[in-house]
Structure formats: structure tokens, C-alpha cells
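Asks: What follows is each chain in one-letter form.
Protein chains: 2
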Amino acid sequence: MAIGAWILIALMCVFWCEVESKYMVYNTTSKIAPGKLNVHLVAHTHDDVGWLKTVDQYYVGSNNSIQGACVQNVLDSIVPALLADKNRKFIYVEQAFFQRWWRDQSEAVQETVKQLINSGQLELINGGMCMHDEAATHYIDMIDQTTLGHRFIKSEFNVTPRIGWQIDPFGHSAVQAYLLSAEVGFDSLFFARIDYQDRAKRKDEKSLEVVWRGSKSLGSSSQIFAGVFPENYDPPSNFNYEVNDDSPIVQDNMELFDYNVPERVNEFVAAALSQANITRTNHVMWTMGTDFKYQYAHTWFRQMDKFIHYVNQDGRVNALYSTPSIYTDAKYATNKAWPLKTDDYFPYADRINAYWTGYFTSRPALKGYVRTMSSYYLAARQLEFFKGRSKVGPNTDSLADALAIAQHHDAVSGTSKQHVADDYAKRLSIGYEETAKVVESSLASMTRSSSKADSGSPVTEFHQCLLLNISYCPPSEVDLSNGKNLVVVVYNPLGWKREDVIRIPVIDENVIVKDSGGKEIESQLLPLQNASLAIRNYYSVAYLGKFPSATPKYWLAFSASAPPIGFNTYFISRGKRPVIATASKSHVVYSSEEKRSDVIEVGPGDVKLVYSKNQGKLIRYINSRTMVKESVRQSYSFYSGDDGSVDEQASGAYIFRPNHTYHTRSDGQASFTVLRGPLLDEVHQRINSWIYQITRVYKGKEYAEFEFTVGPIPIDDGIGKEVVTQISTHMKTNKTFYTDSSGRDFIERIRDYRKDWNLELNQPVAGNYYPIDLGLYIKDDSKELSVLVDRSVGGASIKDGQLELMLHRRLLHDDNRGVAEALNETVCVQNKCSGLTIVGKYYLRIDPLGEAAKWRRSFGQEIYSPFLLAFTEQDGDEWANSRILSFSGMDPSYVLPDNVAMITLQELDDGKVLLRLAHLYEIGEDKDLSVMASVQVKKVFAHKKINEVTEMSLSANQGRAEMEKKRLVWKVEGSSGESPKVVRGGPVDPSILVVELAPMEIRTFVIEFH
Amino acid sequence: MAIGAWILIALMCVFWCEVESKYMVYNTTSKIAPGKLNVHLVAHTHDDVGWLKTVDQYYVGSNNSIQGACVQNVLDSIVPALLADKNRKFIYVEQAFFQRWWRDQSEAVQETVKQLINSGQLELINGGMCMHDEAATHYIDMIDQTTLGHRFIKSEFNVTPRIGWQIDPFGHSAVQAYLLSAEVGFDSLFFARIDYQDRAKRKDEKSLEVVWRGSKSLGSSSQIFAGVFPENYDPPSNFNYEVNDDSPIVQDNMELFDYNVPERVNEFVAAALSQANITRTNHVMWTMGTDFKYQYAHTWFRQMDKFIHYVNQDGRVNALYSTPSIYTDAKYATNKAWPLKTDDYFPYADRINAYWTGYFTSRPALKGYVRTMSSYYLAARQLEFFKGRSKVGPNTDSLADALAIAQHHDAVSGTSKQHVADDYAKRLSIGYEETAKVVESSLASMTRSSSKADSGSPVTEFHQCLLLNISYCPPSEVDLSNGKNLVVVVYNPLGWKREDVIRIPVIDENVIVKDSGGKEIESQLLPLQNASLAIRNYYSVAYLGKFPSATPKYWLAFSASAPPIGFNTYFISRGKRPVIATASKSHVVYSSEEKRSDVIEVGPGDVKLVYSKNQGKLIRYINSRTMVKESVRQSYSFYSGDDGSVDEQASGAYIFRPNHTYHTRSDGQASFTVLRGPLLDEVHQRINSWIYQITRVYKGKEYAEFEFTVGPIPIDDGIGKEVVTQISTHMKTNKTFYTDSSGRDFIERIRDYRKDWNLELNQPVAGNYYPIDLGLYIKDDSKELSVLVDRSVGGASIKDGQLELMLHRRLLHDDNRGVAEALNETVCVQNKCSGLTIVGKYYLRIDPLGEAAKWRRSFGQEIYSPFLLAFTEQDGDEWANSRILSFSGMDPSYVLPDNVAMITLQELDDGKVLLRLAHLYEIGEDKDLSVMASVQVKKVFAHKKINEVTEMSLSANQGRAEMEKKRLVWKVEGSSGESPKVVRGGPVDPSILVVELAPMEIRTFVIEFH
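As you go down the protein sequences, you meet chains A and B in turn. Counted from 1, the first sequence has number 713 at position 713 by the UniProt record's numbering; the numbering is strictly sequential. Counted from 1, the second sequence has number 231 at position 231 by the UniProt record's numbering; the numbering is strictly sequential.
Please note: incorrect hints may appear among the correct ones.
[Claimed, not checked] In silico lysine-lysine, DSBU-like type, Cα no more than 35 Å apart, as pairs:
id, chain 1, residue 1, chain 2, residue 2
1, B, Lys-306, A, Lys-86
2, B, Lys-306, A, Lys-391
3, B, Lys-514, B, Lys-944
4, B, Lys-86, A, Lys-306
[Said to hold, decoys possible] Sample of chain B residues lacking proximity to chain A, with all beta carbon distances greater than 12 Å (derived):
id, residue
5, Ser-155
6, Arg-280
7, Asn-482
8, Lys-497
9, Thr-626
10, Ser-689
11, Pro-714
12, Ile-715
13, Leu-759
14, Leu-896
15, Lys-945
Derived from the structure by calculation, the hints contain no laboratory data. Fair warning: this is a prediction, and the values are worked out from it, not measured in the lab. Think of the CB as a built atom: it goes at the ideal place given N, C-alpha and C, for glycine as much as any other residue.
Make the full structure from the sequences, and use the hints.
Replies: Right under this line is the structure:
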């Protein structure tokens, strides 16, 4: 007989033998208990709208080898879990998923879900299509994607989300707080990711929860109660209950071994007290969930049921099913005052040497594409409105959807896997294709004069040139030798009249441009560089699958103008160009003086750029009108990305972790060429084999435009590179610079310094980077130097007098934040891949101190909304004779004030129109324009008769008045009860319909026409 | 503007833009389609009753860091999944889990589940508490654990399982086929694990599905339709749908990307056709599930719904929700004849060099404990019946439950993790503790004479000695100097009168033994060896937590007898022992002749063992009665376990993979000692520092008993060892030997050969190992050499004339079959651990050819059911004068026939009694005993009046007649329609109540008493 562990004294028999089993009913009825510490259990799932998998793959649960995640499971399983106990609650956030799911459900399930939403068991919060990023997103996109989600929720469930829930984005913008939270009517905003040093101090001071005033201009009128979670958005450790999670379950069956109720209750109470220790009031929130959890919701609720039952039986603390709304109301009910927070939570570091400032630039092509589509979507909705929206399509809906999804914090942020980034691009492409049809048919219809004879003529086929960035525009690359005219319709989506130089590729140098009056206008030919042609050909094959059929030789440039929210028409035809205007065949022209000296001056207008010929470098910026003159150097450098070999923290998609800085060195093929012309001068600089720059100075414009071509970034040395451009001056900027918040308010940044805590900085470069959506500037006691960008990038001022932008990143290591890919974008032709090349622009201007905002704001709006060009060919003068050549959507006598932009004009499903007007200036930004503005709505809609104008919340899901009435008024620590008075536009008199806008105010209206 | 992948031509728009979403209803109504290939989708989960986690941990889903598994989730989620569509079906197997879950449910859920079971949507199959092992399990345990499950199912749901579902055990026994399948009324038996070479041939010949006749004796009367799965019990690859599984889902939403219905349908059809290629008839079964799957059942059914819908829409094959019952009926309906299979499916290899023959011996202590408890449970139920069962306890239920769980194919098999093995032992210990109370109170009551004066005397406290194997028996280690008597009640659970030598430790040499008549009887003292005391002390501390208080000096041996199913009483008291009987103080006695020669002869009776003194080794076996004489060597060796360095196949818990054989070498401390006495002689051999052997020859018994102490197996050389004992003779056995099937039928084994295919053998040792539960034997033309064992082990005949048993294994590597632990059992005292020591026995006998079965069968039954001893102390002769000293449960004049054992006598919950009688002999095994036997039931229950006797199926869940009426009669290929006639016992005449039993027949009755 052998010996085993067979005589363990049967202590368990106390339970085992005596207890009769019966069905257990847990008491989950607990509400807030006033005298106790209340632990608000908030059941939630965080469902990325694309990251390691595409949004559709996440929804249906495919591609699980990459990540086990299926949102269908979550939503399917939450319904019976909530029905099983009416005390249980759940919040759902991402409408992109929710809408997919909703469409799949039976009417019975839809009815059930409506009841669950009505009863508050299921609460839709945040409510945008995605949980958008806050660094790489433009505020217009944030508004649009939030509106899309909020209006769906309103129309389907008659509900307005109360809570901002930005738990995962990598830092938090002021715009998120004041615009996308306060202005959409949220009562609070919650998130998880702030700097680890900031967090430590806030835990210490119990200031994780604050009143956040994100806008200097709107102050307390747009403040929000904002809570940072103590660690992350997971449950306290050991309280995770997804299927197969390894947190200890509550084993309360005395018939089985491992009964552990006392231990688990103790651990619950300990975790609650620990959190109470860093939290004001006797309410703490536990975020019971994390990424893609609740695939089988039952597993979570079973354990939470038990905790609520046994913890409350224990009585030391009070556990309850809650939501952020209930939690917010409980906080509010305490009537406490909260610390004040201003500005934003950028940049974000989650530990030493780990600044999440790389993603400000990651995937610059995607970022550029998103920005282009954002602008296009704005313009297209205007045109859709003019023609009348078609529900069955084509319409702008699929672009709206694609753009909304692209705002996700792993989409435009550049932190998804490559195949997912491709999916975002594909969706944008599909959205564009359909929207282009809307644009083209709208223009076709708008150019057709009802009074003229052509009403029976065939529908015009307009074409557009999305790929002008790679010099590819088949509609303009046409042979005009047979008497054809190329008709160019130039649409201006801005509310102001506007003039701009247009460039299109042409195959023939014998072309002339005429305006809508038939008068030839000045134009300029610029030779198409071989470098540009090489990119054009390579990318055509790579992305269109074909080699371009024609080969243009020139860019044809001419100055076009268009009325506000309207179009103008130009004609390009074969013709002999005046000899003078084309300068010379050589295109490289130095004045005789310049031939002798090293210095050459470029620019046909007031702004001159002065170069050193020998160095091939910019040395000075001069504006002869404003008398500004500044020594300026502009150069390219790269940081070599850390490979993680020291502390496992490589530079990657999220994190910027440089380990050296290198100036780009000439590879012996550097070149420097100046092209001059009547409209613009160009300076071509071949910096090295993978950086090419064209600097343009336009006659009528007071700025310099830098077009860079960066890539393929070489990696054959095994080193990832993060390419920056640096602009250096002698300005004494005292460590201070200014960057925009999501394209809107400018925030003061001080190098190596944070306002909220004593910064310990180990990354002097990465830790000083900020997200740039509109631009950044520095100033000294006499000047401001501003740089504006064409897409979101990272930017900084690493030295006094200097600004830099990170333009492109190619890295060879993953940075350990989950994406599990190196950020190494390539483009492939026939399985041969090379690094992605980026073509982009930024704009530089130096103004006298205090005079720069006008350019930043007005020209910033022009960058966002360039002319929309449409092309068609017509024989002879037929078009000019039979068509409408010019149009403004507004009263011909009317333009919007200089400080107001129309950021939304959109026909809604119900035929009403959504109008959003944005004051572009902050308080004190400009002496003339930082004032109350007025818009005459009747003149905006001169062609229509207005029945009713209703002011709405920013996301247009509720009346503004109703929203304001509900708004919670939070107290701020250290201030008297009264908040400082903020000026805002007054109510709109329905008879005169004039909308006032105070600085930085955005007002949203739904307009019903007769 | 940058360049992205933004112009991918929007082919998807064909779907995206045109399809209006609506709720999809899948057509899952399909039944069998006669003209098509039918793919039976059988949704199942395989829930190990303990393996990497304990049964309770698996049930509640704790300890998920080891394995994500929660059976509660499975059963919770299956209910709504089945309710959602009445075409869906599910099978559930393991009653240990199902009963835990059932107890936890509300009445409403119980009612729902009853309906699901009634409708056939939820089918309980196999139906035992666990899916028992088939190698290390004894048939009595298999019957008991199956009965426990089947009777629960019958009483709760009025259902009898139709299908055997042994999908995971590592090889399959004949007993499983004919007893635990055919005799419980199953219509078919399915499993997955057979030798890879056998499988290949069967696929080739389409003979995976057979009619299996497991018993030579019962032949076609106990045959079963048996199907082997083509690969394993998973779905075809790429059809796994657990939450987070990465098989491609069916993406049928045309609004989303990755629509893949055609691809998935094609893959389904291809997999079905591939299986049809190796399967007879147009029915194939897909096992849709695997270990612990369906934690969120919805995920599987969602995909199966889609497959059934789209595959049937496609039409090439017919997919349907099915169960093994439906599949079996479909197979039966084809009226085809099937290949015949006899014998069993051992040993199992899943690839080259991977014979699963290690587990036959793995965890020998646990195997021994299970066998001891099995026997104890049998005896205890008899005693419980005699006293009358108590529902509220103590009763034998918890031992029943623990034993049932211990039969699981990762429990007694020795293939669980260590902590789980400990859990099995703990459960047995708890069960034993309670059952011991039943035994003790029953004996107390049975020994109390109602007619005598002691009815008012205090209740007797009996004690038992479970740990006699480590020489630990506090009740017998008492000081009898004050006139106390030690009362020893000897209970005999067998149906025959029986005499056996008992040994108990005593502290004093001055003790004598008296029988129930007060007459002193012969006894013998044997000194307790230091080696034994060391083990006693170490293991007492390790498992009882205390050092023994007394130190016995001797074993007191005496010969006890007891009536059938009854007891006898012996008294031990202080007294002067006759000098002659104690031999001499030295205990080592050689005759004068022996002193001169090298040869010495041991054995007080007819059997003599002859040793060489110089070699210290057995050289000859002689039986002077039968004149059998055979040269015999007995030795110890070990195989060094392969470390997996060559082909990643180490020797481990499952797999026996030797890479060398070593004879145990003397370490210079070998010793050889002979002790002689009137009752038995002992030969003590210290083989080396970790192997000690005592060989015993008893006066009245014609066999040799080998008690081995093996361990701690040294591993300081870094080599795992698998210790075997070898018995070698000159018998010409022509590669042939015989091993039992689960303790019952003997099956002929031929070395290096399989009947069913041409064996390619790369493992000449491991590939010839078979499971031994009762024993094994060899024979030549005049003799049979038999070895019987005290627990399940692995055994083989590696050379002609030789037998070997693997006794213990200690290994240092995992063998890559999932348990992820090396089989390295240790025992720890104060955190110092050493290898586990095993004490066990085997028995050897040589008979003239044809005369050996009697010993194997009758003595085999005695090994299984040793005397049950109970001790109490009494003053003087009080006990003898006032108590009942002898008892038989049967009519005093009656004993069971020599060829019949009563394997179950048990009072059921409802007061009826379960009686199982087993004929112990196969056809032709013994000239006298392989004949029809008769049992007079009235005499068995001489003390009761029988009302009704109902013959039942083996698992007592249905009337036998009803079962036989339903039985499907399968055709066998190549035989005429008529199956050969098999003789079985006839019907039981209710008036005379005589039960006939044909060879190997087991008959089960439920008896109702007046």
C-alpha cells in the first residue's frame, strides 16, 4: 500500500458536509449610502474603432489571431445580462460599433434595448462615432464625428449623452474640455492618461478631479468637471472578470473548496480605501472593464453581483452599480469646490523616457489624407445643400462615416497597425468617390442656367484632381490643340471672397488662361521637376495600378478668385504665351547684382527671402511692407530613434524617444535653383537624396510656403529616423512658444516647464513636443514668427528663437504600447517596397508683434479649406455662353465678417439645415478682430426663406437653451461663489436673425426653411 | 499634401453602398437529407473533472492563470443559446460538473433545463460523474461512477443516456466497450485516441467505425457500435468558435468589409468531403467543441447557424444540428454491415516514439489510494446496508463522489498537475473520514447483542488503521499491561468464507492472540525494520503533522478467518508467548545444511522459494504439491526517462519514453536476511539505498508476496527514472502474454505485434506495455506464471519467459501533452522535500498449465477486498461475554459459488437495495468454474423478506428488459445475418429467486424488501 496525501484533516468538512445547497439570490439593490464610502462600479468596455484590427474586424470578431476581440459579443451579451437584474448598469461609448450592431438586431431586440436605455440601465455616453484622438484631430472633425453619433442617439433613442469619456487618448486637449464636453452639454469628462508626474502630484493633493476651463476666451461659461482615473481605465488589479481572466473570483459556494468571501471582501475594501485616500468626497469610481471586455457580460456581472452583496453585508464600504452620470451627480450633490485646471494635459508621458509625442507625426500621409478629406467634406456638404441632398445617394454620408472613424485615437493618431491604417484610407477613398459624385453633379447642376437654352443639353461631366499632390491630374493633362477649352470651376468654401494662385499640370507650354469674362489673365509656367515626375509615376502604379498615360511638362499657375461659398470659372486653351511672362527657358534667373554677390533675394512681392548662394541656404526674411526683417535659418535634421536596447523603450508609433540628433548632410548632390515668375518665385533645394524642398513666395501673399518631399527615409544603416525641419532666428523668446489646441485656441508653452507641477525632465526634446493642428509661433518684443501646417504634426521650440516640426518618421522598433509593429511605412510595386515618401507643406510668416493673428486665423482657414477645383472640357466658347460662370451661396452683397468662419453648412436627413458659425479669434488676440461679430443669417441664405432658426448644442442633439438649463454649475476652489462673467453672443431675435459671436464662440443652429 | 493609400478603387462599394441592412434570420431547420452527404454538427464541450485545475476550480472558473476554464459559464450560457433557436442542440457529458451546476440553479432555470432535455435539445450522454480513464480504472469503480451519474439523470430527468462518449481517454479498454457501453444500454460509443498507425489504416479502409465485441465470453450479446474520430475531438481545423478563437468567422454582412460567405462555404464543403472520403455511409460527424469550450455558447451557435444556412443554400452537402444519438440512428438506418473489432485499443501512441504507457504507472501512491478506497467503499456499503442508511449522514455518499471523481482520465491516470492530484486525495480523505464513521457505527451496532444485557452500555468506539502500509496503527500500539484486551473485528466483504494472515504493529513482545472462543491461536512476531520505522515517522509528520507517540517493535501476525459478508472477532492480550513459536531472537535462521551450501529454501508450506545466498537472489520457485518447479530470477531495473533533447519527446506523466535500461546496482550496502516462523517466512533484501524488498511465503498459501519499498528515487544525476521489477524464467512463451482489461477479461498480447495492423515499432519497450489492474501472466506448454497487483500499474513481457511491472516513476521533464509539469512527486517536511516513496505489493504464483485461473480470479478478489479490521479496547473478557463475536450477512449455511463475486450491495436513497453479482471467469478459463453459476438471492438476504427483484441495466438506470428491447442490432461485415448464440443466465423466476450467471456475466438488480 502506498502513501499519499490521504489524511489531510478534513477541515473543509465544516462547510462540505453541513451546508444544503440552494439557489443564491444576490442583493444588488444598493444605492448611494450617505454616511459611507461609496464605490461606484461602472461596468464598461473600451472598444477601439480600429487599432490592431479594423473596425469591421473588431465588430464581427474576425482576425482574432491578432487580437481576441468581438464587439458583437459585447453588445449581444450585455442585453440578457442587464435584463437578468434591473440593478445592473452598463455604459456604451463607441457609436461606430453600436450602430453596426443596431442595424443587425431584430425589432424585438431593438425594442428591448430601447427600454434598457430608457430605464438608464444601458447608458450611451461620449456618444461620438469613436473616442476621437485629441492631438492629431482638428476641432471641426471632432465636432462632426461627435454630431454624427449624438444625432443618431437622439433620433433613435431621444437621449442626449451626459458624460465625456475620453479614457484612452494619449493626452487631453483644451478643446476637448471646453468645446467637445462643455459645449455639447456634458456634465463631466473622464479620462485616464496624464503625465505620470502630474498624476503623482494630483494623487497627493487629491486633485485628480478638477474643474477644467479649457478656453481663456470662454472661461467659466465652458468649464467642465473633469476626472482623471487614479491609474488607468481598468478595474483595480485583481478585479478583472472577462472570460478566462485570472483575477480571483468570489467563491461563495460553501459546498466547494476554496471558499474565499472574507478574503475577497477584504481586498475590495482595501482597494476602495486606498482610492478614497487620493479622492475628495466619499465617492470613488471603479472602471469595471477595459479593452473589448464584456464579450460574455455575464462573467463580470456575476462577480459584481457577489461583491455588492457581500461587501455591503460586510458594511465597511458601500458598493453599488453605477454609471459616470450617477457618479457625477453624487459628486455634484456634495456641493464641494474643486481645484481649477486650465490649458491642457499635453504632452503625455507614462513613465520616464516615454513621451507620447511621436504620434503627433506618425503616419503623416494618413494625417494629410484625413485633413484633405475633412476639408473636402466641409465643401461637399455645402454643394450637397445647394443641390439638395439625396437620401438614396450618392451623398456625403459614407465620407462622413469614414472621416468619423478616422478621428479615432488609433486612426489619425497613426498608432494602428498598417493593415488598419490601410482600412481607414480605404474607407476615406470610398467616401471620397461617392462624395466626388455629389460635388460633380452639384456643380453640374449649379453651372446650368435654367433661363438659358442648355437645359436640354447633356449633363456635364466634371472631374476632380485629388492627386495634385503627386502632380497627377488627367483632366488637366489634355491635348487642347483641337480647339477644346479646359473649363476650371473654382469653388470657394469660405465665407469670404478670396484670391489664390492655382497650379495644375499641363502637357503643353502653349496654353493661356482666361477669366469668366473671357479676358486672358496672367499665368506662369513652371517646369515639372524630374523628382516630382518620378514620384507621380511610382505612386500611380502603386496606388492606381497603372502608369499615367500622359506626361505633363509644366505646372500652369494662375491667380483665381471666387466669391464666398461660391464659384468662379476659368478657361484654359491653346494659345501663344507672351514672352515676358514666362521669364526665360532657363527659369534660373539671378539679377546682375546677385551674380556678383553671394546673396540672392527671392519673392515677387513684399516678402523677400534672402539666400546665401554658396551655402544654398535661407538667411533672411524681409517684409518690405511691415519693415519686418529677421535673420532666419531653415534646415532639416533627424533624430535617430532609440532602439530600446537600453531600457526597452524604443521610439515608435506612440513614443518619441530620440537618442541622437543629426543634421542632414549633403550627399554631394545637393542643389540650389531659383525660378522666378510674375506670380511666384520658387527656390528648389535638393537637400540630399531623400529630401527635396521647394520654397514659394507669391506676389500678393506675405508668407513663404515650404513644400517638402521627404523619403524614402534610408534605414540601411539600421537606424530609424524622425525627420524634422528647423527654423532658427535670433529672436529672444525666453523659452516660450505657442501651439494650437486641436486647431483652435493657442496655448502658451514654456520649454522644460509645466504649470501644474515641478517637471523633472529626462527627455529635453521629446518632453517639449506638442501637437500642432493649425500652427505654432514664437515672439519677442517686436516680432512674431508663425508657422502654419497642412496637417497635424508634432512641433516644438527646442531653443530660444527656434521652432521645429517633425515631418516624417520611419522607425524599426515597436515601442511596447501594444501596436506590436515598427512604424515603418512602405509603398510597394510588384512586391518591391520602399519607404513611404511624404510631400507636404508648411507656411512661414513674420509679423510685427501683435499683428500676426490675422494671418494665422484667416490664412489658417484658407489652408484648411483650399479652393475645390473641378474640370471639364468644352468646345470653343460654348460653356461661357451657356452656363453660369460665377455663383455665391450668400447674398451677392454679403460676406461673412473676417473673424467668422462657417464651419458647417449641411442639409440634414429631415431637410432642415445645420449651420455652425465659429468666431476665429481669441480674446485679446487681435485688436480689431477679437471682438463680438455678427452674422446676418438671412443674407447667408439669401436664396431661401427661413421658417425657424433653433440654436442647438454644439453636437446639435438638443436645444441650446435646454442644455444650458440643465447645466451643472460646479464650484471652483479658492474663488468666490460667482464665476467671472464671460461675454457671449446674445439670443437670436427670430425676426432679424442676426447671430452674435463672441471671441472663440461657436454657435450651432438648425434652420428650417419654408 | 502627402500621399497615402487613398485611391484604392472602391470595389467594396458594390456591397457597401447598395445593400440595405436588415435583421438576418438563419434557416437552421435542416434534418437529414437522404440523397446528400450529411454533416452532423455536434456541439459539445469536453470538461475534464480535474486536470490542470481542480474540479471545483474548473467549475467556478478560478485559478484561470493556469487555464482559462469555467464550466459554470458553459452551462449558464448554453441555456439561452438553446432557447434562442429550437433547432440548436448540445450534449453534456460530465455529471460531476452538471450536478454542481444544477444545485446552483433557480427553480425557473431548472424547469427550463428539464424542457430542453425533454425536447432533446440538451442531451446528457456518457452520463457518469466523469469521463473515466480506461487503463488505470478498475471495472468496479467504472460501474460505480457511471451508476452514480446515470441514476441522478434518471431520477432528475427520467432520461437514460444513449451514447458512450469517451473522447479523451488515452486508449480504450474492452471492458469499456462491452460492459460500460453495451451493458449500460448505450447504442454507440465514440472516442478519439487510438494508435496513429491503426488510425491511418482505418482511414484508408474506412474502418474507423466498427462493431466492437470486447468480451470473448459475451460476444455479440455485448457488442457496441464504436466510432473513432478521424483526428481528435475538435472541429475540423478553422472551425473553432470559442470567444477569441481565431478561426475565420462567417462574415455575411455585405455592409462590412471581408465578406467571405463563398470562401467559408467552400472550405466547409471541402472538409466535409474529405471526411466523407474516409467514412462509410453519407453521414459524417463534426465534433464542434473541445476542452472547456462554449463558455459563451452564443459564439459557436452564431457561426453554426450561418454555416447551416449558407451551406444548405449552396446545396452540395447538407449540414444540420445533430447529436451522437441522431448520428447513430442515421448510421443504423443505413442498414449497413460494419467491420468487426475485438480486444481493445491499447497501447495508444499518437506519433512515433510517443507511447502513452507511462500513465499506467504514474502516481502509484494515488493509484494505490484509489484502489484502497474502492475496496473500502464496497465493504462500507455492505455495512451501511446492514445498519440502515442515513440520508443526513454520516453515509458513504461523499466517498462515492470522491471515488467517482478519482476515476477521471486525468485523476487515477496520474496525469493531473500535482495540486490537482492532492485535491483528489483530499476528497478521498474526506470521504474516508465520513465513511469510516459509517463502518465504525455499523460494526458497533452489529456487535451489540440485542438479547444480552449490554443494550444499555455505552456505544463502542471502533478505530481503524488506514495507515498500516506505513506500519502506523495507534489502536494496536497500546499498552495491554493493565489487563486490557485489544478487540480486533475482522470483516470479510467477500461472499466466501476466508482465512488470511493479519499483521498489526505492537509495542510489546509479550502478547498473545485468542479467537472468539477464547482459545489462544498461533501467532508470530516479526521485528519492525528500521527502514519501516523511518518511513512511518517521516510520513506521519508529513501527512498527519505529528510524530507518532508510540514506537512499535514488532509486527504481530496471526491467521484470521471470517464468514462470507460477515465478521469474526479476535482478542489480543498480554501473555507469555511459547518460546518455540518465536523462533529465535536473531530471527535469521539457516538450517545446518544451508550453512554449508550457497542455496537456501524459504517457505513454511508447499511453496518454496530457493535463493542463492552469495548472490542474495531468488533462483527457483517450487510448489511441492503441484510439483511445479521453475528457475526464476527476480530483479529491479530502471529506465532512464528521455529528456526530450532529441525530438522534444521526453518521458513524462503520460508517455513512457525510455532511452536506456539500467539494472539497479548494489551501492555496497545490499543485504539479504531471512526470517522464519510458523505462519510465514520473510526474506528481506536491501537492494540499494532506495529499494527495499520483503518477500513473504505463507504456510497455507501457494504464492509468494513481494512487498517493495521504492524511493526516494535519486535524481541528483539529472536523470529521471522509471523503476521496474522483472521476473525472468526459462519458459518458452513465444512472445505471448496476457493482461487483464480493467481488472476483468484477460487479453492475449503478442510482443511487437498488433492484430489490427502491421506494426512499425520504434519503442521496443514502451510499445509493448499494457495497463494492469488485476494481473498478467505467461504460459508455456506445461506451466503458467501469474503475477497479481495491488493497484493499477504498467506491465509487459519484454523477453520470452519474462514479465515486468513498472512500480514507480520520477521524471524531470514534461512530455508535452498539456500537463506542463514534470512527474516528480515529493513529500515535504518543513519545506524540505524528498522524492515520494512507494510501498506496494505484488504476488507471484506458478501453476500447472490450465490450473492458474482459480488463483488469479479468487485470490485476485481477495487482493481487491482485503479484510477490513476494526479495533477497540475492552477490559478483561467483557466483550467476549456480552457481544456478538461472529456474523454473516447471508444465511449461515450459504456461501456464494466460487465463481461469483458480489460486487455491489448497497442501500439506495429510496430504501431499495442495489445488488450486483459478477461471474469471475471467462469462457474456457477453468475447467470447473467457467460454467453457469447460480446464486440464491433468498439466502443472500436471509435476514430480510424480499418483495420484488427487478433486473436492471448495469448502471441501474432502467429495467434490463426495457433496455434489451430498445437495443440496436448492428450487422457485422462478413458474417451471416445471425450472430453466434451466446449463453447468458436466464430470467429470474420471482418465486425462487435464483440468479444464473454465465461466464463473465454481471447482473444488476434492484431489490425491494417488505
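Asks: A separate judgement is required for each hint: does it hold in the structure or not?
Replies: Structure-based check of each hint:
1. Lys-306/B x Lys-86/A: holds, 32 Å
2. Lys-306/B x Lys-391/A: Roughly 31 Å separates the two Cα atoms, so the pair holds.
3. Lys-514/B x Lys-944/B: holds, 32 Å
4. Lys-86/B x Lys-306/A: holds, 32 Å
5. Ser-155: Consistent with the label, Ser-155/B stays out of reach of chain A, its closest Cβ about 16 Å off (over 12 Å).
6. Arg-280: holds, 36 Å
7. Asn-482: holds, 29 Å
8. Lys-497: Given that every Cβ of chain A is farther than 12 Å from that of Lys-497/B, nearest at about 25 Å, it holds.
9. Thr-626: The claim holds: Thr-626/B sits with its nearest Cβ about 30 Å from chain A, beyond 12 Å.
10. Ser-689: Holds: least Cβ distance 18 Å, greater than 12 Å.
11. Pro-714: holds, 18 Å
12. Ile-715: holds, 19 Å
13. Leu-759: holds, 33 Å
14. Leu-896: With a cut-off of 12 Å, Leu-896/B remains clear of chain A, as the shortest Cβ separation is near 26 Å.
15. Lys-945: holds, 34 Å
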